[in-house]
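Q: Each chain is listed here by its residues.
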Amino acid sequence: MTQSPTLSRRSAQSDSPLPRKSRQRGADARAGYTFLLPWLLGFIALTVGPMISSLYLSFTNYNLFEPPKWIGLDNYTTLFQDERFLQSVGVTVSYVVFGTPLKLAAALAVAMLLNSKRRGQGFYRSAFYAPSLIGASVSIAIVWKAMFGDAGPVDQGLSFFGINLGGWVGNPAMTMPMFILLTVWQFGAPMVIFLAGLKQIPADLYEAASMDGAGPIRKFFNITWPMLSPVIFFNLLMETIHAFQIFNSAYIISNGEGGPAGSTLFYTLYLYLRGFSDFRMGYASAMAWLLLIVVGILTLIIFRTSKSWVHYSGDAK
Amino acid sequence: MTSTATPTQSLPDAQLAHYNPKSESVTAKRAKSTLFHVVALALTAVVLYPGLWMIASSFKPNAEIGGANTSLWSNNFSFDNFVTAMEGIGGVSTLQFFTNSLVLAIGAVVGTILSASVSAYAFARIKFPGRSVFFGMMIATLLLPFHVVIIPQYIVFQQLGLVDTYVPLLIGKFLAADAFFVFLMVQFMRNLPGELDEAARIDGAGHVRIFTSIMLPLMKPALISTSIFSFIWSWNDFLGPLLYLNTPDKYPLPLALRLFVDQTQSSDYGAMIAMSVLALLPVLIFFLVFQRYIVEGVSTQGLKG
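The listed protein sequences correspond, in order, to chains A and B.
Note that this note's numbering has the first sequence beginning at 923, numbered continuously upward.
Note that this note's numbering has the second sequence beginning at 10, numbered continuously upward.
Keep in mind the hints are simulated off the structure, nothing from the lab.
Hints may contain errors.
BS3-like mimics (lysine-lysine), calculated; alpha carbons at most 25 Å apart, straight line [stated by the list, open to error]:
(1) A:K1039 - B:K38
(2) A:K1229 - A:K1141
(3) B:K38 - A:K1141
(4) B:K41 - A:K1141
Build the full structure now, drawing on both the sequences and the hints.
A: Here it is in structure tokens:
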């Protein structure tokens, strides 16, 4: 094992430096692709290939049992006349638009509260993080459904204060607040990331601001927000993308139907129902590609606008 | 609450006053600290309530879960719900569901560790043409909605006769399809000093040697966070099994739970919640044991929960 490399090194020494370098480069290229092989195979077979074929399928009528039939843009034009589809867009958009900012605001507020050298910080951080780990599980969806059901603890608790809403699960007007509460409850993951970001802000910035007589609000907008903006950007991007893909809780809470009155018909749930209950795979592929395009555009917008509000400090290591 | 407040109070005032030049700030500081703990503890109570309610309900008789009862306490705590839950559903015992979940989760951990570490080594430590392009593509897959690929993947696995097996659920793990873990390991390896490889290279070690005997041992923290997260993600996965598994004796716990909900409806709330608790138990134990790793992993790598 050790002998052959020494030999090759000795023989390499006698060569001029250029071929030796290129030989090394060739060996590295071979090694690089060999090591990359698992990922590369997965990337081609499980990502690129399926993406191309789902793009193709989105222009066809395909039910898994007969060969796909080319129908051009029909799936896409039908989508915009499909009331259930439009409803699923509405449900998902309101979830993303209200849920994500609320969750991030909660995460930032609690991170700022915890960002001090007080006792118990580690405990609080872990306790607040725990829901993020289990929030998307079937178990929690079942618990949520029970808690927000008729005469469940939430209903009972609110009745105590004279608010009689009944069960939230069966009330189309209350299902969205219930899902938003479920996502806000999982503020812990972005909170932990915010907290790590807050710790990077040099304390002397705040001291200098205090000496100049700046109050907490000015300190927040002039120091915390700009210094934290790369982290806010990261959290906003990841949370938005994830919010579009909510599925487990929607499926469990609505028994896989999106009810009551379509108020929990999230985009991915409708996609699943079209593809795997109705076996309209072409139609579902068109939905998948629309989702990809929308998420892609949103990502681009977040990246583009980030130039005006995200500040990267020059001396960051 | 009291235990956290007392240490500050028991300190002699003079000592604190010396520590803090402004005299009024001693009481102000103490008040601020108390306020902090009051707010933080109130928040903890709210955040932990659903979990505590779930655990308390799993020990309560059915009549006390739904009815006019917000309190966590009951005088009729018993293990009855767990006995019912352990019987299983659809002729399959809950132990079988546990075993299935465990097989899938261990498969996921092994596959992810093997494939992600090898691929990450290529990205982090070997210079080869096309590396930065592939790295960019790998990052892009982090942002890719999973639903874009599920339909064609399902069609392929269906044509290969692999539906209702674990192959579709595990093959992605062995092909580093969870780009998050590759990214995590690349970041970790990039922070290891480059002199290590150079020294090994001068001693005549090839990439295989460098990877197995230098990188892998040093990567232990990254391997541990990857194992924890891939275990938990696999344990909680619902969509994959929902798409691919048809026969109940192959179901992992989340799918068994759905079956349980479908078949009993809300007739046996207690058993349903007991089974939810059982399904979460390994995750909770993992969290209690590895919370440092988990929370650190999130704060340094931006890992999702």
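Q: Of the hints stated earlier, which fail here?
A: Violated: none.
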